[in-house]
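**Q** Residue-level listing of the chains:
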Amino acid sequence: MDVLGNYKSAISARSTDKDILKMAQDGGIITTLFAYALEEGIIDGAIVAGPGDEPWKPEPMVVTTKAELLAAAGTRYTISPNLSLIKEATRSYGLDRVGIVGTPCQIQATRKAQVYPIGMRDVDDKIALALGIYCMENLSYQGLEAIVEDHCNQKMESVKKMDIGKGKFTVYTERGAVSQMPLKLIHKYVQPGCHVCLDYVANLADISSGSVGSPDGWSTVFVRSVKGNAVWDGAIAAGCFETKPMDQVKPGLDLVKKLATEKITKNQKNVDARKTIGLKADGTPKGLRNPYESP
Amino acid sequence: MKPAASQPQTKPEVKPEAKPAASQPQAKPEAKPEVKTARSKPHRKPEVKPEEKSAATVAQAKPAVKPSDVIVEEKVEVVRKEEKPVAEKITIGELHLSGCTGCLVTLADNYEGLFKLLDDYADLVYALTLVDTRHVPEMDVCLVEGSCCLDDKLSVQELKEAREKSKILVGYGACAAYGNITRFCRGGQWNQPGQEAFVPISEIVDVDLYIPSCPPCPQQVRNVAVMAYLLLRGNDEQKQLATAYLTPLMQLAQRGNEACGCDLMYDVINQGLCMGCGTCAGTCPVRAITMEYGKPNVNRDQCIKCGACYAQCPRSWFNFDVMNNYEGIMDAIKGAMQ
Numbered sequence: 001m002d003v004l005g006n007y008k009s010a011i012s013a014r015s016t017d018k019d020i021l022k023m024a025q026d027g028g029i030i031t032t033l034f035a036y037a038l039e040e041g042i043i044d045g046a047i048v049a050g051p052g053d054e055p056w057k058p059e060p061m062v063v064t065t066k067a068e069l070l071a072a073a074g075t076r077y078t079i080s081p082n083l084s085l086i087k088e089a090t091r092s093y094g095l096d097r098v099g100i101v102g103t104p105c106q107i108q109a110t111r112k113a114q115v116y117p118i119g120m121r122d123v124d125d126k127i128a129l130a131l132g133i134y135c136m137e138n139l140s141y142q143g144l145e146a147i148v149e150d151h152c153n154q155k156m157e158s159v160k161k162m163d164i165g166k167g168k169f170t171v172y173t174e175r176g177a178v179s180q181m182p183l184k185l186i187h188k189y190v191q192p193g194c195h196v197c198l199d200y201v202a203n204l205a206d207i208s209s210g211s212v213g214s215p216d217g218w219s220t221v222f223v224r225s226v227k228g229n230a231v232w233d234g235a236i237a238a239g240c241f242e243t244k245p246m247d248q249v250k251p252g253l254d255l256v257k258k259l260a261t262e263k264i265t266k267n268q269k270n271v272d273a274r275k276t277i278g279l280k281a282d283g284t285p286k287g288l289r290n291p292y293e294s295p
Numbered sequence: 296m297k298p299a300a301s302q303p304q305t306k307p308e309v310k311p312e313a314k315p316a317a318s319q320p321q322a323k324p325e326a327k328p329e330v331k332t333a334r335s336k337p338h339r340k341p342e343v344k345p346e347e348k349s350a351a352t353v354a355q356a357k358p359a360v361k362p363s364d365v366i367v368e369e370k371v372e373v374v375r376k377e378e379k380p381v382a383e384k385i386t387i388g389e390l391h392l393s394g395c396t397g398c399l400v401t402l403a404d405n406y407e408g409l410f411k412l413l414d415d416y417a418d419l420v421y422a423l424t425l426v427d428t429r430h431v432p433e434m435d436v437c438l439v440e441g442s443c444c445l446d447d448k449l450s451v452q453e454l455k456e457a458r459e460k461s462k463i464l465v466g467y468g469a470c471a472a473y474g475n476i477t478r479f480c481r482g483g484q485w486n487q488p489g490q491e492a493f494v495p496i497s498e499i500v501d502v503d504l505y506i507p508s509c510p511p512c513p514q515q516v517r518n519v520a521v522m523a524y525l526l527l528r529g530n531d532e533q534k535q536l537a538t539a540y541l542t543p544l545m546q547l548a549q550r551g552n553e554a555c556g557c558d559l560m561y562d563v564i565n566q567g568l569c570m571g572c573g574t575c576a577g578t579c580p581v582r583a584i585t586m587e588y589g590k591p592n593v594n595r596d597q598c599i600k601c602g603a604c605y606a607q608c609p610r611s612w613f614n615f616d617v618m619n620n621y622e623g624i625m626d627a628i629k630g631a632m633q
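Taken in sequence, the protein lines are chains H and U.
Just so we're aligned, residue 1 is where the first sequence starts under the working numbering, counting upward by one.
Just so we're aligned, residue 296 is where the second sequence starts under the working numbering, counting upward by one.
Pulled out of the complex, with its shape left as it was, chain H reads as follows (with noise of 0.2 angstroms):
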């Protein structure tokens, strides 16, 4: 498979949704298609990353209405285990289609609940919308809070917007402050797990999207399953979005296919080299798991 996974089309796109906007993290494209989901029945809830009791750290929560979903709307960038609700909401909320947002091992994860649901009693079939966000590394609460009180010197609770783009960690404040951090020096709070992951793009998601090839305030968007296309295109006739052609915005996909080929050739050196981490007594190597090998 091709490091941008399969699918149908690759479009640049943005919300005509002003409300969604306002709160969204780039394009809006997660809580529209949710929206639109929800609106036409396609979904009866989302299980999204919803505030959570501390500042900036997200909790899972099951949405049913649209503004549930505008309360959860933007990036958070710490893990929002959302996959801890997906028998949640399939059995205790009783919704027999579910939407589930997350990033590309969320959506491995999803894969692997509905293709060996071993302990995921009537799930498999009721996943009607696994939208993927992509993912170059995630962090853990802590990591971000040292990131932002201690490198950028902000308080967690002041904070109006967290991104990520041209090499920069940038965080807005309330007040009008705007604090960055170079990229590099976040690395060493990003999470072991991700060092492993071989996945940029949530190529097994229905649709994915991010921002990495748009011009700012729109997002890239890969239309990847059946099912994806379909929702896809009503949300199009319906005119939740503007779109542009891929080949004419600039960075374009080129940009997104550098930074997948890179994370996953990083990545997967990374898992050749676990391999081979230590020594036994007789000089052969001692290795970690591989996940990709067996349990």
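Read the hints as simulated data drawn from the structure, not as lab findings.
In this text, all values refer to a predicted model and were calculated from it rather than measured experimentally.
Glycine included, C-beta positions come from ideal geometry on N, C-alpha and C.
One or more hints might be untrue.
Unchecked claim - 30 angstroms max Cα-Cα, derived DSSO-like pairs, lysine-lysine:
(1) Lys-590/U <-> Lys-269/H
(2) Lys-411/U <-> Lys-227/H
(3) Lys-534/U <-> Lys-126/H
(4) Lys-534/U <-> Lys-590/U
(5) Lys-534/U <-> Lys-455/U
Said to hold, decoys possible - Here are some chain H residues the structure puts well away from chain U; computed CB gaps all over 10 angstroms:
(6) Glu-40
(7) Ile-42
(8) Arg-111
(9) Ser-140
(10) Met-181
(11) Leu-204
(12) Ala-238
(13) Lys-266
Said to hold, decoys possible - Computed, partial: chain H to chain U, Cβ under 8 angstroms:
(14) Asn-138
(15) Tyr-141
(16) Thr-276
Following the hints, complete the assembly by docking chain U onto the known chain H.
**A** Positioned in the frame of chain H, the structure of chain U alone reads:
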């Protein structure tokens, strides 16, 4: 079939002699091929015919000796009526050891899917309450439910017999695979207070494949049944798919018979593999796992040692050869069940 201990990837040695290659899961070959080549272990279905024929020949041979052949002939007719005009199905049985019957109920929880399975893909030849067979028969796939009680000689004996008589032996559910709650047994329970030694079945026999979790998932046992059918009856391409699909579940059986929420610590987090997706917390049947600051926290007193969290974790295994084709596989299974 015995599992290849060193190479779990190798597919089971069972190679049914070249069958009509076009047996798609949806399509039924109209007639069962009459000619059966001799094999080391004839499975259940072909066995019926020779028996029936020999019964018939006996019936014809008898009049020379005794005139009381009328009853015997009637018996033969009854057998013929039960013959079904279907494709060559595999045979599945369920051996019930020390379990709560939840695994068996799970099989039935496929609802109309169970009927479809039994109509087109598998004959259920042995199962508590569902099949009127007293003694462990020959079968292609034996699902073993429950751990094995060492204090009950019959359990040990039946388990060994099931191993000998089945091509694929499955640790079906957490008790068979990992012991599950029977790991906590100390004896003294009604109505067998003297029984206290319960072990996962792999302590007694070689196990080919695990389906963990308590209870197991109806869709998972359905998928395994369809894949076992493709493995034993399908064409080369289908066999390849089934082998790829079943491999991690076979590797899981090779991995060991101890499971616990600790696996998430030892084999995922301690190995630098956890990225906090939340799957383990979502899958735990007793809600023993919560996500604290992005990582699983296991309440070990609550954990029943069912193995679901580790098996479901995308970082316990993730086989791209199967998962990249998730859409095709799910459509194929859906198609097979219609």
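**Q** Now tell me if each hint is right for this structure.
**A** Now the hints, each set against the structure:
1. A hinted pair counts as satisfied when its Cα atoms are at most 30 angstroms apart, and Lys-590/U with Lys-269/H qualifies at roughly 25 angstroms.
2. Under the criterion of a C-alpha separation no larger than 30 angstroms, the hint pairing Lys-411/U with Lys-227/H is consistent with the structure, at around 26 angstroms.
3. Between the alpha carbons of Lys-534/U and Lys-126/H the distance comes to roughly 28 angstroms, so the proposed pair stays at or under 30 angstroms and holds.
4. With a CA separation close to 38 angstroms, the supplied pair Lys-534/U and Lys-590/U exceeds the 30 angstroms bound.
5. For the proposed pair Lys-534/U and Lys-455/U, the alpha carbon gap of about 28 angstroms is at most 30 angstroms, so the pair holds.
6. With a cut of 10 angstroms on Cβ distances, Glu-40/H stays outside the contact zone with chain U, its closest approach being about 22 angstroms.
7. Against the 10 angstroms criterion, Ile-42/H stays outside the reach of chain U, whose nearest CB is about 17 angstroms from its own CB.
8. Against the 10 angstroms criterion, Arg-111/H falls within the reach of chain U, whose nearest CB is about 5 angstroms from its own CB.
9. Against chain U, the non-interface label of Ser-140/H is violated: not every CB pair exceeds 10 angstroms, the least being about 5 angstroms.
10. No beta-carbon of chain U is positioned within 10 angstroms of the beta-carbon of Met-181/H; the least distance is around 21 angstroms.
11. At roughly 6 angstroms, the least C-beta separation between Leu-204/H and chain U is not larger than 10 angstroms, which violates its mark as non-interface.
12. Every CB of chain U is more than 10 angstroms from the CB of Ala-238/H (nearest about 25 angstroms), matching its label as outside the interface.
13. Separation of Lys-266/H from chain U is adequate, the least Cβ-Cβ distance of about 15 angstroms exceeding the 10 angstroms criterion.
14. Checking Asn-138/H against chain U: minimum C-beta separation of about 6 angstroms stays under 8 angstroms; hint holds.
15. The beta carbon of Tyr-141/H is positioned within 8 angstroms of a beta carbon in chain U (closest approach about 5 angstroms), and the interface hint is therefore held.
16. A distance limit of 8 angstroms between C-beta atoms decides the matter here; for Thr-276/H the minimum to chain U is near 15 angstroms, and the interface restraint is violated.
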